[in-house]
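Trainee: First to last, the sequence lines map onto chains A and B. Going by our numbering, the first residue of the first sequence is number 10, and it counts up by one from there. Going by our numbering, the first residue of the second sequence is number 830, and it counts up by one from there.
Please note: incorrect hints may appear among the correct ones.
Claimed, not checked - Pairwise CB distance ranges (calculated): (1) E200/A with D867/B: 54 to 62 Å; (2) R922/B with K143/A: 52 to 60 Å; (3) G927/B with P231/A: 12 to 20 Å; (4) K161/A with G927/B: 55 to 63 Å; (5) R283/A with R904/B: 32 to 40 Å; (6) D263/A with R904/B: 33 to 41 Å; (7) R839/B with T157/A: 38 to 46 Å; (8) Q15/A with R839/B: 51 to 59 Å.
Stated by the list, open to error - Here are a few chain A residues that face chain B, going by a calculated C-beta distance under 7 Å: (9) Q166; (10) P174; (11) V179; (12) R180; (13) H181; (14) R184; (15) A185; (16) G186.
Read the hints as simulated data drawn from the structure, not as lab findings. Yeah, the Cβ is synthetic: ideal placement off N, Cα and C, and Gly gets one too.
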Amino acid sequence: MTISPQAFTFVRELVRAESAIVLDTGKEYLVESRLVPLARAAGHPDVDAYVADLSKRRTPAAMKQVVEALTTNETSWFRDADPFTALRQNVFPALAKTRSNRTLRIWAGACSSGQEPYSIIMTALDTPELAGWKIELVATDLSEEMLTRSRKGEYSQLEVNRGLPATTLVRHFERAGLNWRINQSIRERVEFRSLNLTRPFPPMGRFDIVFLRNVLIYFDLPTKRDVLKRVRQVMAPDGHLFLGAAEMTMGVDDAWERVPAGRSSVYRIREEQRTCVL
Amino acid sequence: MRALIVDDSRAMRRIVGRILGDAGFEVLEAGDGQQALDLLEGLDGPPELACVDWNMPVMDGLTFITEVRNRPQWRAITLMMVTTESESDRIVRALAAGAHEYLIKPFTGEAMLEKLDLLGLLPTSTGV
Ligand SMILES: C[S@@+](CC[C@H](N)C(=O)[O-])C[C@H]1O[C@@H](n2cnc3c(N)ncnc32)[C@H](O)[C@@H]1O
């Protein structure tokens, strides 16, 4: 049983309009498998019937569920390791020299289940140059389900096995039944908010560091370009942007330049593009 | 690179052996801590890695790790506890005894590779 072309087109256009995520032909199986649980929960015999009903009623809550079901939430602690080493050894120390108010503002723009923002806080705690500093971390995602998980800060054994050194686990987590919960002192340092990257950003102030990792890859070129342009507007002129390993600004928004940082690299707004709004 | 698997379960040794073998390790096996010490004594040089179960007959994993840490000639061995013991204080004890990493069973092959990556033991890894 596979999803009908009509149902696939409806879902593809809905997801595209709501999240900018591109579902190419060939993703029928993915759509089908992600929607089966929703179809069952809504009492429909199959995905086609569910989608037909959805396209008739267009209930906003149900449409949002479909979009969320098609996001990929794959993440891990200190994902790819090198960016976090660069954060501790290069980016944090460099910013620490230039911010006299001893405050850093950071945005994690597609935080999924929270591993990324929490990894940033744990990295800051391991950076001697930031001792006594205030870190304001805003973490956002499109998915309400992910935000709820993030706020809870509870992870299964399988999830803590992934990328989290044992010393870090025992230092910053406590057991919660079969799961592990990140300590409150870390949880309360992150503010989780709902934000769709493809819509105008709400007022958030300016950020010294932005993490926008492994999310642009799902968007088409014009959307990537538009998001990167608007990120520049919420970035301190000397700010640092982290992208995923498979993402880059080159040929997308060339107002950014790629600068090496340790074994990793970060993106910075080119000198001549730094419109200093003070 | 060589890896020593210390576990009293043959099935477990096979599973871990397959993952490590695929990652390019030459695999050695022992069924308990004492066997593992005897095996190490007979080698011309220490293996790079030992994956050690906690609960085993004759000599348990914690004792084995403590013994290894007491011998300067085995200092280069990276020790990873691989066990179902999942309480925080167990992990703290293993790390204090000298384990470098701790992997809780059940785990996926991917999780084990990620731990090896953290330890800088994969050909592609950069460590942290
Ligand atoms: C693969 S995860 C990346 C998580 C994390 N940044 C990392 O690198 O591990 C992608 C996340 O992007 C979110 N996402 C997808 N489209 C989005 C959009 N239009 N606005 C905001 N978040 C979006 C998804 O909900 C998902 O949590």
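Trainee: Next step is simple, just say for each hint if it's right about the structure.
Mentor: Okay, the hints, checked on the actual structure:
Distance hint for E200/A and D867/B: a CB-CB separation of about 56 Å, consistent with the stated range 54 to 62 Å. Take R922/B and K143/A: their Cβ atoms lie about 36 Å apart, and the range 52 to 60 Å is violated. At about 55 Å, the beta-carbon gap between G927/B and P231/A misses the expected band of 12 to 20 Å. For the pair K161/A and G927/B, the supplied restraint of 55 to 63 Å is violated, since their beta-carbon distance comes to about 34 Å.
For R283/A paired with R904/B, a C-beta distance near 51 Å fails the hint of 32 to 40 Å. At roughly 51 Å, the beta carbons of D263/A and R904/B sit outside the given window of 33 to 41 Å. About 43 Å separates the C-beta atoms of R839/B and T157/A, a value consistent with the hinted range of 38 to 46 Å. Checked against the given bound of 51 to 59 Å, the beta carbons of Q15/A and R839/B, roughly 54 Å apart, stay inside it.
At a threshold of 7 Å, the smallest CB-CB gap from Q166/A to chain B is about 5 Å, leaving the interface hint in force. Evaluation of the P174/A hint against chain B yields a held restraint, the C-beta minimum of about 6 Å falling below 7 Å. The beta carbon of V179/A comes within 5 Å of a beta carbon in chain B, closer than 7 Å, and the hint placing it at the interface holds. Interface restraint check: R180/A against chain B, minimum CB-CB distance 9 Å, threshold 7 Å, status violated.
Interface hint at H181/A: violated, since its Cβ lies 11 Å from the closest Cβ of chain B, which is beyond the 7 Å cut-off. Because the closest C-beta pair between R184/A and chain B is about 6 Å apart, less than 7 Å, the hint holds. Interface restraint check for A185/A: the shortest CB-CB distance to chain B comes to about 11 Å, outside 7 Å, so the restraint is violated. For G186/A, the shortest C-beta to C-beta distance to chain B is roughly 11 Å, which exceeds 7 Å, and the interface hint is violated.
The structure is inconsistent with the numbered hints 2, 3, 4, 5, 6, 12, 13, 15, 16, although it conforms to all the rest.
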